[in-house]
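Engineer: Sequence:
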Amino acid sequence: MVNKQTAEKPDLHPILRTVMLVPAGNVASYGQIADLAGLPGRARLVGKMLGQVPEGINVPWYRIIRSNGQLAFPPGSRHSELQTGLLQQEGVAVIRNRVKMRDFGWQPSLTTLLFELDY
DNA sequence: GGTGTGACAACAA
DNA sequence: TTTGTTGCCACAC
95 MVNKQTAEKP DLHPILRTVM LVPAGNVASY GQIADLAGLP GRARLVGKML
145 GQVPEGINVP WYRIIRSNGQ LAFPPGSRHS ELQTGLLQQE GVAVIRNRVK
195 MRDFGWQPSL TTLLFELDY
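Residue numbers (the numbering used here): 95 to 213.
Be aware that one or more of the hints could be misleading.
Unchecked claim - Now the in silico label distances, taken between C-beta atoms and shown as ranges:
hint : residue 1 : residue 2 : range
1    : Ser161    : Glu184    : 26 to 36 Å
2    : Leu208    : His173    : 19 to 29 Å
3    : Ser161    : Gly132    : 30 to 40 Å
4    : Gly125    : Thr206    : 33 to 43 Å
5    : Phe209    : Arg172    : 20 to 30 Å
6    : Asn162    : Pro134    : 28 to 38 Å
7    : Ile151    : Glu184    : 32 to 42 Å
8    : Pro169    : Thr205    : 30 to 40 Å
9    : Leu133    : Phe209    : 12 to 22 Å
Simulated from the structure, these hints should not be mistaken for lab results.
Just so it is clear, CB atoms sit at the ideal spot from N, CA and C, and this is done for glycine as well.
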């Protein structure tokens with residue numbers, strides 16, 4: 095069977111495809127994305143890539159935060175305000191530049207991964 | 001091939 | 001909770 099993501103975004107880097115799997119209303123950490131993308135230990139690469147996402151493609155960069163729940167951008171910065179707004183729109187509570195991973199952290203089921211990630 | 005750099009992570013105080 | 005330190009690894013010089 096042809097995987098949906100692969101069929102529609104064949105040239106997209108695994109990291110970005112993985113980011114697109116994070117559902118609205120949830121957040122994931124850089125390390126988690128790296129792991130799921132098959133690149134354990136490369137959380138920093140995830141950040142680097144998100145900073146270079148070409149315009150026009152729909153990647154929910156704002157759902158990716160640090161493993162401790164903090165937003166990666168400095169509090170009060172324009173980026174963090176934007177990120178906060180986008181998350182709040184989805185129902186994710188952002189308090190003092192941080193999110194409760196306990197409540198909003200993404201925990202994909204094995205079947206989700208098997209169906210959506212095809213590589 | 002050494003050195004510095006990241007939208008990080010884990011851990012210690 | 002906040003700050004510092006160390007580990008991490010691909011990349012660009």
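Engineer: None of the hints should be skipped; say for each whether it holds.
Structural biologist: Here is what the structure says about each hint:
no.	hint	verdict
1	Ser161 x Glu184: 26 to 36 Å	violated, 20 Å
2	Leu208 x His173: 19 to 29 Å	violated, 34 Å
3	Ser161 x Gly132: 30 to 40 Å	violated, 18 Å
4	Gly125 x Thr206: 33 to 43 Å	violated, 18 Å
5	Phe209 x Arg172: 20 to 30 Å	violated, 37 Å
6	Asn162 x Pro134: 28 to 38 Å	violated, 19 Å
7	Ile151 x Glu184: 32 to 42 Å	violated, 19 Å
8	Pro169 x Thr205: 30 to 40 Å	holds, 38 Å
9	Leu133 x Phe209: 12 to 22 Å	holds, 20 Å
In this structure, the earlier hints numbered 1, 2, 3, 4, 5, 6, 7 are contradicted, and the remaining ones agree with it.
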